[in-house]
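Enquirer: Here's the letter readout for the chains.
Number of protein chains: 2
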Amino acid sequence: MTLDAVWPELSDLLGDRVTRSKGELKAHGGSESYFPLTPPDAVAYPETTQEVSALMKLCSAHGVPVVGWGAGTSLEGQAQAFSGGIVVDFARMNRILEVSQGDMDARVQPGLTREALNDDLRATGLFFPVDPGANASIGGMASTRASGTTAVRYGTMRDNVLGLEVVLADGRIIRTGTRARKSSAGYDLTGLFVGAEGTLGLITELTLRLHGQPEAITSAVCAFDTIGDAVRAVTDAIQMGIPMARIEFVDAATVNVFNSYARAGMDEVPHLLIEFHGSANSVQEDAESFGEIVADHNGRGFKWAADAEERKALWTLRHNAYWAILQERPGTRAVVTDICVPISRLAEAVEATQEDLEAHGIRGPILGHVGDGNFHAILLFDPNDSAELERVKQAADRLVRRALEMGGTATGEHGIGVGKKPFMASEHGEAWAVMGALKAALDPDNLLNPGKLVPDA
Amino acid sequence: MTLDAVWPELSDLLGDRVTRSKGELKAHGGSESYFPLTPPDAVAYPETTQEVSALMKLCSAHGVPVVGWGAGTSLEGQAQAFSGGIVVDFARMNRILEVSQGDMDARVQPGLTREALNDDLRATGLFFPVDPGANASIGGMASTRASGTTAVRYGTMRDNVLGLEVVLADGRIIRTGTRARKSSAGYDLTGLFVGAEGTLGLITELTLRLHGQPEAITSAVCAFDTIGDAVRAVTDAIQMGIPMARIEFVDAATVNVFNSYARAGMDEVPHLLIEFHGSANSVQEDAESFGEIVADHNGRGFKWAADAEERKALWTLRHNAYWAILQERPGTRAVVTDICVPISRLAEAVEATQEDLEAHGIRGPILGHVGDGNFHAILLFDPNDSAELERVKQAADRLVRRALEMGGTATGEHGIGVGKKPFMASEHGEAWAVMGALKAALDPDNLLNPGKLVPDA
Numbered sequence: 011m012t013l014d015a016v017w018p019e020l021s022d023l024l025g026d027r028v029t030r031s032k033g034e035l036k037a038h039g040g041s042e043s044y045f046p047l048t049p050p051d052a053v054a055y056p057e058t059t060q061e062v063s064a065l066m067k068l069c070s071a072h073g074v075p076v077v078g079w080g081a082g083t084s085l086e087g088q089a090q091a092f093s094g095g096i097v098v099d100f101a102r103m104n105r106i107l108e109v110s111q112g113d114m115d116a117r118v119q120p121g122l123t124r125e126a127l128n129d130d131l132r133a134t135g136l137f138f139p140v141d142p143g144a145n146a147s148i149g150g151m152a153s154t155r156a157s158g159t160t161a162v163r164y165g166t167m168r169d170n171v172l173g174l175e176v177v178l179a180d181g182r183i184i185r186t187g188t189r190a191r192k193s194s195a196g197y198d199l200t201g202l203f204v205g206a207e208g209t210l211g212l213i214t215e216l217t218l219r220l221h222g223q224p225e226a227i228t229s230a231v232c233a234f235d236t237i238g239d240a241v242r243a244v245t246d247a248i249q250m251g252i253p254m255a256r257i258e259f260v261d262a263a264t265v266n267v268f269n270s271y272a273r274a275g276m277d278e279v280p281h282l283l284i285e286f287h288g289s290a291n292s293v294q295e296d297a298e299s300f301g302e303i304v305a306d307h308n309g310r311g312f313k314w315a316a317d318a319e320e321r322k323a324l325w326t327l328r329h330n331a332y333w334a335i336l337q338e339r340p341g342t343r344a345v346v347t348d349i350c351v352p353i354s355r356l357a358e359a360v361e362a363t364q365e366d367l368e369a370h371g372i373r374g375p376i377l378g379h380v381g382d383g384n385f386h387a388i389l390l391f392d393p394n395d396s397a398e399l400e401r402v403k404q405a406a407d408r409l410v411r412r413a414l415e416m417g418g419t420a421t422g423e424h425g426i427g428v429g430k431k432p433f434m435a436s437e438h439g440e441a442w443a444v445m446g447a448l449k450a451a452l453d454p455d456n457l458l459n460p461g462k463l464v465p466d467a
Numbered sequence: 011m012t013l014d015a016v017w018p019e020l021s022d023l024l025g026d027r028v029t030r031s032k033g034e035l036k037a038h039g040g041s042e043s044y045f046p047l048t049p050p051d052a053v054a055y056p057e058t059t060q061e062v063s064a065l066m067k068l069c070s071a072h073g074v075p076v077v078g079w080g081a082g083t084s085l086e087g088q089a090q091a092f093s094g095g096i097v098v099d100f101a102r103m104n105r106i107l108e109v110s111q112g113d114m115d116a117r118v119q120p121g122l123t124r125e126a127l128n129d130d131l132r133a134t135g136l137f138f139p140v141d142p143g144a145n146a147s148i149g150g151m152a153s154t155r156a157s158g159t160t161a162v163r164y165g166t167m168r169d170n171v172l173g174l175e176v177v178l179a180d181g182r183i184i185r186t187g188t189r190a191r192k193s194s195a196g197y198d199l200t201g202l203f204v205g206a207e208g209t210l211g212l213i214t215e216l217t218l219r220l221h222g223q224p225e226a227i228t229s230a231v232c233a234f235d236t237i238g239d240a241v242r243a244v245t246d247a248i249q250m251g252i253p254m255a256r257i258e259f260v261d262a263a264t265v266n267v268f269n270s271y272a273r274a275g276m277d278e279v280p281h282l283l284i285e286f287h288g289s290a291n292s293v294q295e296d297a298e299s300f301g302e303i304v305a306d307h308n309g310r311g312f313k314w315a316a317d318a319e320e321r322k323a324l325w326t327l328r329h330n331a332y333w334a335i336l337q338e339r340p341g342t343r344a345v346v347t348d349i350c351v352p353i354s355r356l357a358e359a360v361e362a363t364q365e366d367l368e369a370h371g372i373r374g375p376i377l378g379h380v381g382d383g384n385f386h387a388i389l390l391f392d393p394n395d396s397a398e399l400e401r402v403k404q405a406a407d408r409l410v411r412r413a414l415e416m417g418g419t420a421t422g423e424h425g426i427g428v429g430k431k432p433f434m435a436s437e438h439g440e441a442w443a444v445m446g447a448l449k450a451a452l453d454p455d456n457l458l459n460p461g462k463l464v465p466d467a
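Top line first, the protein sequences correspond to chains A and B.
This note's numbering puts the first residue of the first sequence at 11, with every later residue one more than the last.
This note's numbering puts the first residue of the second sequence at 11, with every later residue one more than the last.
The shape of chain A in the complex, shown without the other chains (with noise of 0.2 Å):
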């Protein structure tokens, strides 16, 4: 192993900031999700983008992998260290920069979190949108090109990353973007380096797009007797431009899930979460308009929360699921499939999932992000049944390939990694070999998180 020639150098560097102990390099070799353990080299704890840039050097001097790490909340193995090498923690990067209230933006480093980031907006009456569930990195979350429960209404990171300040593999740091709202000013680097999940550079800075709290909110949940009818309620609404901060579908078994572990007390039917942001005036339109297009889809059941407790209870049901289903049943794993579809084929989508798991007798609820069209079933396994892993991973690969089959996506908002990296192929046909020719241009040695995302070399 190369580590041993960076060594002095790299504790020179950074002093006890990088570490070779057994415990560090176990809590940075695993992740939520169903990867093997695999322990870097040695964690590094850089506290300035110069660290950065000078320990990107050695290890390009030395051929030495270097692998991101925010929170350790990504799914698909992004930040495990399956080639050896060092784990850069930012978790000393999280600084809250500078917030600007005219301009509605923030610069801040990629260690923070979303959930830190939000607590200290929350007097200036500006919030950033973007809302995973897990309470992730903002580095992270840009590099997964993350989303979730608010993309419908404020976007992706992609949409709220107004630029970036990246350290290259040479150690080259560069700026990306401005501080304006748009730009044409050449190609889309800001872009490109979001969603490359650390494999075209480290991010080290991040300028975000803040949005301003709303006035007013309202939230509901509503049951339907079939996953069609609850989509075509969702898809009207999408057409009539009813502007949705959140909707949330939850089938049946995740609403099971949800009454034994927190006696929601709901129908074991699915249904619908959903969330309006704006003016007095405009949430309680909003609200009667979807109520009208939901009666006309057979919805029943409309529960308004009362207040804003009833409402945090709401969302927090929503985002234990995860952890609740796992729950289920002691020592389980997961695996949690991503997939995004056009939203006319998201009921099919959905529908033929629940038919394929049930006549695998695979246990998989179905939850997920209704207004993109991205759903995830989470496919519980036993960690000591191997044939049981088999099964439930040729699962979500056939769910996989019938996303595609409807012109959809393997991963809506998790990314590659190594979990999704079978899927590329067939998703990006020749468009996956221009991926791994950027790769090489920016990354000639392979270097920065190799064996993710891009085509083996």
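Hints in this document: simulated from the structure, not taken from any laboratory.
Worth double-checking, as some hints may not be accurate.
Identical chains blur together in the list; that is why a pair holds if it fits in one copy or across any two.
To be verified - Simulated pairs of lysine to any residue, SDA-like, Cα-Cα distance not exceeding 25 Å: (1) LYS403 x GLY40; (2) LYS431 x ARG185; (3) LYS67 x ALA450; (4) LYS431 x ARG182; (5) LYS431 x ILE183; (6) LYS322 x ALA274; (7) LYS67 x ALA435; (8) LYS403 x PRO465; (9) LYS431 x PRO465; (10) LYS67 x ASN104; (11) LYS67 x GLY181; (12) LYS32 x GLY461.
Fair warning: this is a prediction, and the values are worked out from it, not measured in the lab.
Please build the complex by placing chain B on the supplied structure of chain A, with the hints as guidance.
Expert: Below, chain B without anything else, positioned relative to chain A:
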């Protein structure tokens, strides 16, 4: 010239759809801008992606430059063949291939114009919102990352192109993106080709995001004594989350042109032109909220368009502003600036521009997309007076330098071409070299629109 080498095969491929007639060469040698005429060596009119691919393979084998051509409305010389070679005119690839009402998207060919698209969509209840003023081609709009009056609400081409079909320099055909609303499946190639000005590939098909035609629309003008008041009214409205569909600024000099050109009968002071899209109730509520903000900032003379006719007249006035300004002095040409700054600096940027132009005796009415922080000064010069052109260019240069000092960009929506290339190093620093590396990776022989956007090889 190497064209002779490809000519026989090119003629075999396209028949009389490739030409060297003087008239055609001349018609494809200029633009609406101030650049000198540069006729290409040939003009080709492909009808299919396969023909574009075959043409690219021929040109690649013989080292012949290729420049894409849409409607010829670009402002920075993007479609001019400064190094000779073949202009590929997409006039015969101008069809709408598919409209999906359920998914609110459309597949179109690059030569389609935005007006033709919207004419066709009228009966569907959907529309394509990006509106740069000129009746540009969709492929050209994507290539320059165009936006215009509606970007404040609906985004730019970056936000409204879901996927592309692209022919690469070596003739390979790739597809980027999917029909899903979002994806985290690898590098955002769609975003890379949008705004690349044909330097990385030729766009042969686009999947566009459509939007629902609003139920109600209201438009108004109002007057302000100072630019600062007008801009501050807009920033307040943005921070309050009032959803403006259009919010345009015109200075006193532009109003003066409106009055002489179209007898607009407006006070010759700064004005805002505004439009709201939504339900009948919401547009009224928005209009009332906006009215209160305007009053807070000493706005006056609020005049709502009574009906669709009056609304159309208002926006025709705005869209014809460029031509009306040019008509002011017969035979005049213009350097059109396009800076975009953080909104908090917009009033300062406009005022500094006016002072600069006055100090240097340059006639330059100012108008722009105030909600994005983007404005244009139309700097007039006599084409026979090279000293005046030099003076105007120097003023444009100072304007960009000020924008960059304010954290802005040299171009909000017109792109780089050759006109803004001198500013790329200042705006992007080392990141400009990264753009060059990406270009070299995808077009190693520098055949696609050579001389534009990236550093000279």
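Enquirer: Could you run down the list of hints and mark each one as holding or not?
Expert: Hint check results:
1. LYS403 x GLY40: within (19 Å within a copy, 57 Å between copies)
2. LYS431 x ARG185: between (29 Å within a copy, 18 Å between copies)
3. LYS67 x ALA450: Result: close both inside a copy and across copies, 17 Å intra and 23 Å inter.
4. LYS431 x ARG182: between (28 Å within a copy, 22 Å between copies)
5. LYS431 x ILE183: Result: close only across copies, 22 Å inter versus 29 Å intra.
6. LYS322 x ALA274: Answer is within; shortest intra-copy Cα gap is 13 Å, inter-copy 53 Å.
7. LYS67 x ALA435: Between copies, since 24 Å is at most 25 Å while 32 Å is not.
8. LYS403 x PRO465: within (21 Å within a copy, 47 Å between copies)
9. LYS431 x PRO465: Result: close within a single copy only, 8 Å intra versus 34 Å inter.
10. LYS67 x ASN104: within (23 Å within a copy, 49 Å between copies)
11. LYS67 x GLY181: within (5 Å within a copy, 37 Å between copies)
12. LYS32 x GLY461: within (23 Å within a copy, 54 Å between copies)
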